[in-house]
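Student: Sequence:
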Amino acid sequence: MNVEEAKKSLRGSIAPIITPFHDDESLDLDTLKSLIDWHIQSGSHGISVTGTTGEPSSLTLKERELVMETAIKSVNKRVPIVPGTGSTNHQESLHLTKLAQEMGADAAMVIVPYYNKPSQHALYKHFKLIADSVDIPLIIYNIPGRTAVNLEVKTLARLNEDCPNIIGVKESNKDFEHINRVLLNCGRDFLLYSGIELLCYPMLAIGGAGYISATANVLPSKVAEVYNAWESGNVEEALKLHYDLMPLNDVLFKDTNPAPLKAALGMMGRINPKLRLPMDLPTESLQKEIRSVLADYGLVEKIGSEV
3 MNVEEAKKSL
13 RGSIAPIITP
23 FHDDESLDLD
33 TLKSLIDWHI
43 QSGSHGISVT
53 GTTGEPSSLT
63 LKERELVMET
73 AIKSVNKRVP
83 IVPGTGSTNH
93 QESLHLTKLA
103 QEMGADAAMV
113 IVPYYNKPSQ
123 HALYKHFKLI
133 ADSVDIPLII
143 YNIPGRTAVN
153 LEVKTLARLN
163 EDCPNIIGVK
173 ESNKDFEHIN
183 RVLLNCGRDF
193 LLYSGIELLC
203 YPMLAIGGAG
213 YISATANVLP
223 SKVAEVYNAW
233 ESGNVEEALK
243 LHYDLMPLND
253 VLFKDTNPAP
263 LKAALGMMGR
273 INPKLRLPMD
283 LPTESLQKEI
293 RSVLADYGLV
303 EKIGSEV
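Numbering-wise (the numbering used here), the sequence shown opens with residue 3 and increments by one.
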C-alpha cells in the first residue's frame with residue numbers, strides 16, 4: 003500500500019488486538035486468528051497487533067515476529083493491518099519495521115521509545131532513520147504516559163515534512179490543544195488517530211482519521227459504528243454512541259491496559275485471561291465491577307440475577 007492509498011484506506015476503527023496466551027504463557031495463535039476474524043466480521047476497519055494493548059514489552063523479539071506474521075496472514079488483505087514495530091531499542095525498531103514491510107503489512111506503527119526519555123533531536127533522528135529504511139507508510143505513536151516523553155508538534159511537523167512515508171500519528175496525549183496543533187502544523191491530510199477512548203469522537207470532530215481504541219477488543223461493532231455514523235453525517239448517532247460507550251471505557255482503564263481487557267474477554271469466553279508478569283489481572287473487586295458493566299451491555303449474565 004502506497005502513501006496515497008494509505009491515506010484513503012487507513013481510516014476508522016483500527017482495532018489494537020490483545021496478545022492471547024495459554025496457561026503456560028506460550029502464545030495462543032489460534033485464538034489470535036479467531037479474534038482477528040471476529041473483529042473483521044464485526045466491522046473493524048483495520049487491525050493492529052503488538053501495540054501497547056498487545057503487551058509487546060512482555061514478548062521476545064521472535065514472539066513479536068511470530069505474532070506479526072500470524073496476524074498478517076490471518077487478515078489476508080481483508081482490511082488494512084498495521085503492526086506495532088517500535089521499541090526502546092533503535093536497531094530492534096528498525097528490524098521489526100523492515101520485517102513488517104517484507105511480511106506484507108499495509109503500514110507500521112512506531113512508538114516513541116519508552117524508558118530512555120530521548121530528546122526531541124534524538125527522536126527526530128530515530129524516526130527519520132526508520133522512515134528512510136522502508137517504503138511502507140508509518141504512523142508514529144505518541145503516548146507520553148507510557149514513554150515519559152512527549153513528541154512535540156514541531157518535531158512531528160519536521161518529520162512529516164522530511165519523510166513522505168510518515169503519514170500520521172496515534173495521539174495518546176490528553177492535551178487536546180496539542181492534538182489540535184498537530185493538524186494545524188502537519189496539514190489537514192495528515193492522519194490523526196485517537197489513542198484515548200474519550201477523545202475518539204472529539205478527534206473526528208476536528209478532522210481526525212479515526213482511532214486505535216483498546217475498547218474495540220470488547221465491543222468492536224459499536225466502536226466501529228461511531229466512525230460509520232460520523233462518516234455518514236449522522237452526528238447525533240455518533241455522539242449517542244460516544245456516550246453509550248463511556249461506562250465501558252471508564253471501567254477498562256481502572257487498571258493498566260490490557261489487564262482489564264483480558265479479564266473482560268475472559269468473562270466473555272473469548273480468551274484465556276492470562277498476562278505475563280509484571281502485568282497481572284485486576285483485583286477481585288475490580289473484576290466484579292468489570293463483570294457488572296459487561297452485564298449492563300449484555301455481554302455477560304448479570305451477577306446474582308434472580309429468576
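Hint data in this document are derived by calculation from the structure and do not stem from the laboratory. Certain hints may be false.
Claimed, not checked - Using 30 Å as the maximum straight-line C-alpha spacing, the simulated BS3-like pairs for lysine-lysine come out as follows:
#1 Lys79 x Lys9
#2 Lys10 x Lys35
#3 Lys9 x Lys290
#4 Lys119 x Lys10
#5 Lys75 x Lys119
#6 Lys276 x Lys242
#7 Lys242 x Lys224
#8 Lys130 x Lys79
#9 Lys119 x Lys79
#10 Lys156 x Lys224
#11 Lys10 x Lys276
The model shown is predicted, which means the values in this text are computed figures rather than measured ones.
Student: Decide, hint by hint, whether the structure agrees.
Tutor: So, going through the hints one by one against the coordinates:
1. Lys79 x Lys9: Measuring from Cα to Cα gives roughly 16 Å; hence the hint holds.
2. Lys10 x Lys35: holds (26 Å)
3. Lys9 x Lys290: Violated, at about 42 Å.
4. Lys119 x Lys10: Violated, at roughly 33 Å.
5. Lys75 x Lys119: The given pair, whose Cα atoms are some 35 Å apart, is violated under the 30 Å limit.
6. Lys276 x Lys242: Judged against 30 Å, a Cα distance of about 33 Å means the pair is violated.
7. Lys242 x Lys224: Holds - the C-alpha atoms of Lys224 and Lys242 are around 11 Å apart, at most 30 Å.
8. Lys130 x Lys79: holds (28 Å)
9. Lys119 x Lys79: violated (36 Å)
10. Lys156 x Lys224: Roughly 35 Å separates the two Cα atoms, so the pair is violated.
11. Lys10 x Lys276: With a Cα-Cα distance of about 36 Å, the restraint between Lys10 and Lys276 is violated, given a limit of 30 Å.
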